[in-house]
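**Q** From just these sequences and the hints, can you work out the full model?
Read top to bottom, the protein sequences are chains A and B. First residue of the first sequence? That's 1 in the numbering used here, and the numbers climb one at a time after it. First residue of the second sequence? That's 1001 in the numbering used here, and the numbers climb one at a time after it.
Just so you know, the hints here were simulated from the structure itself, not pulled from any lab data.
Chain B residues, not near chain A, derived (Cβ > 12 Å throughout):
1) M1020
2) R1085
3) W1101
4) Q1103
Output of the computed footprint for chain A on chain B, the stretches with three or more beta carbons under 8 Å from beta carbons of chain A:
5) 1040-1054
6) 1057-1067
7) 1072-1082
All C-beta atoms, glycine included, are put in the ideal place defined by N, C-alpha and C.
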Amino acid sequence: MSWSRLFRRRYWDEERARELDAYLEIETSDNIARGMSLEEARYAARRKLGNPLLIREEIYRMNSIGFLETLWNDLRFGTRQLRMSPGFAIVAILSLALGIGANTAIFQLIDAVRLRTLPVKNPSGLAEIKIADRHWLSGSVTSRHPEVTYPLFDQIRERQQGFSAISAWSDDRFNLALGGPARYAQGLYVSGDFFHVLGVQPVAGRLFTPADDRRGCGTSGAVISYSFWQREFAGDRAAIGKKITLDDHPFEIIGVTSADFSGIEVGRSFDIAIPICAEPVDRGEDSRLDRRDGWWLAVIGRLKPNWSLAQASAHMRALSSSLLETTIPPTYRAEQVKRYLEYRFGAFPAGTGLSSLRDDYEEPLWMLLAIAGLVLLIACANLANLMLARAGAREREIAVRLAMGASRSRLIRQLLAESALLAVAGAALGALLAQSLSQFLVAFLSTSNDPLFVDLHLDLRVFAFTAGLAILTCLIFGLMPVLRATRTLPAAVLKSSGRGLTATRERFGMRRILVVSQVALSLVLLVGALLFTGSLRNLLTLDAGFRQDGILIAQLDFSRLNLAKDRREPFKQEMLDRIRAIPGVQSAAEASIIPGTGDFWNDFIWIEGSQAPKAVSFFSRVTPSYFATLGTPILAGRDISDHDMPASPPVAVVNEAFLTRILNGRSPLGRVLHVVVGAGEPAESYEIVGVVKNTKYGDLREEFRPIAFVAEAQNAKPDQFSNVVVRSSLALGPLVSAEKTALARISPDIGVDFHVFKTDLWNSLLRDRLMATLAGFFGALAVLLATIGLYGVMSYMVVRRTNEIGIRMALGAGRPEVIRIILRETGILLGIGGVIGTALALVAGRAAASMLFNLRPYDPPTLAIAIVTLGTVALAASFFPALRAARMDPMNALRDE
Amino acid sequence: MPKRDAPPLQGDLIQGTLDMLVLQTLVLGPAHGHTIAYAIEHRSEDVLQVEHGSLYPALHRLEDRGWIASFWGTSENNRKARYYRLTPAGRKQLAQQTSRWDQLVRAINCVLRPAG
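**A** Structure (structure tokens):
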């Protein structure tokens, strides 16, 4: 069959019609010549030829592709059907688009952070080398992936055999500004082989080689990312060779990575990479390079072709002891060394990159996908209900067609085409919607301090997911009503004059099942929504032990001044005094650890005169009035005061948790706590002079930890950074500029970065906010959808039972009784749905347990609120149909037959 | 009208045989559907009863394959009719089909009447 004929079927049909007419004419005139009358001749000619219509039809069919032809017809028929009820079509398409859009958006995120492999050469050959099941860690821990120390990496690189090359890397941020307000770029430290291991190519200049990563390389070269190159240099090739200032040190730009490489960490992008050998230049005395207890690097390697991941992992495991024995940190005490030597290395797949984002959000994202999936299911149930109603309205038409010999499969195909149209339109719109939704999700999770970069481009997996959803939804809401509609016996339908009392009992049962499942599912989602919002509320209203409002934190960096150690404390004091002098500042103090930032400092301690074993306490170094600034009440003893100077005995203020956990309730004041120190280190001990109320330390979710606050002024090893906590009645803008001016007057070289305490704490609850917001939204949506479904079914039922209700009323039933009948029906559906939903919610709740704060998944009040809410809304929704039934005039109702 | 005493064989016509017959009819020169139908009937001494209507889909198919071509012409008694003629491809096809048919007939004959 040629394509031209397919598209010119009409022309060919007319051609053939003319040809057949010509035959008839010739045959007729021949017949007349044979002696027949005209009438007879025509009749005979027709008989000789056969049915011209059938012949034309046969030829027409030859010109078309049968399947396509019927499909095309079905789709056109479906479009016509939908156009006849645009309201239904719009509601159906929009609800599908919402459901499919939400699912696709969440899946897109999962795809981007979890499933997709890195855009590098042969990602499946990459493996991460790290300590497996590490439960214990001691020393200086920095960076997002503190897997190994540099000395350990050195050993691994020297001894491993399973990898053709391995490389270490770490993240950092570099200040591009020269003093004053900081301007940060996302940085990477990489070993020389990094880009080689990943197989990343430069688009300009060159990338690092091992020759770039040599000890003492100073401020060598820097490789920048494509997006940074575009942003800062507008993609100019002259950028190569230019100097860029990172934390005050000039680095020469030697190359730009290819456009698709945004870094090894999924969820983050990098701007600038510098060799690991440059770390001592950047960090100065805080360098971690040679520290055997400095955990800051992650290791990635490319497997040799003939090595499997399991072999490489076993090999690393076998090497562990020798690697560890040569790198024992000298600061470790005997028991720490014992634990250190128990570490075992392993190799882990790294083709999808590493990601702290993934670690944090994978579980919530899968949970959100499940929630969104349930919402889509509820929406499908609504659509199925609507389709059932439509099929009911077309019952007679379908019966007539069946009676006239239409095959059931053909009818099913035709009716399914309508659902397919809805599903495809909904999916297309949903896919569009998903683009904005996923952007919104990323923006939601991204903060100015912690910018996220998620590559959301559509790939085959996302496309397949959306297409799969479309097919699935189409089958769910389309197939069932259609199967049901075509199963009816034509004779029965044609015989029944209208709505009977029992004829459609079965179909009505199907609608009940749909509503019951909607009620059950929406109850699950409502419970989930209440749990997650309740958990967030618990976090927001908990007593953290400090005030969160009106606190501004200034992170100061005066390393550019290169002050000698003994001049640093007086300098810090001077900065603090200047800030305190700003009119409107109520109080200001310094603290080495700001709660909620995730920074921490802990040590083993023991209490003088106590037989109790050593315990872990957390520490923070603070100045006087720190507690006053944060509004933390002092419960006993005194605050750290201006008299606690280096020459006087070191003092500490401890919190309640310290009392209960470490002192076991013994009187604290006057006791001395000793920090366990390594061999050869100076002794460290503090006299406890006061007790404060419990405060959160790392984040808001944690339990109160034992904390010892020690005096900043008594710090023997002051660094060149300072966090100043300011409480003020000034508005944010004037306060920030006043502080900037005050600091610039001391020295323009002081770097400063401002944080609003409350905002930082709020941002630390991102995960909980995400779950509460989205679960809340989906829960509300689910209840709405289920209510609409219930309303629809109850209205339908009232119409179906008009007759029966009319008879009841004629027999003397009053309005209240009619309403009761209808509401009892709702009550039964709600009851069954509620029981199933409660059971499901209890099962599903377990999956959410780890994400909840101070709330059990089987929280009875939450469950009760959910049931009452859903029940009230649902009863209200069915009250209107009930009222309509009660207002019926029994005479009309009976005549309606 | 099909004759009742000579049972028509059309149901038994082997797939593609009608095509061969049509092509063979056109060897003598262009003809329209009516002529072709009667020609097949007559030349088979009325054994092969082609329902005239069924000829047209066959003509359509053959034209589609490029074995015959069509044009509008005037019939012997001055009526417009669609004429068909054999194309070179159709001639080649006819030769092929004929030889295959001969082979088939020979083979069947060999089985039915073994050379004694």
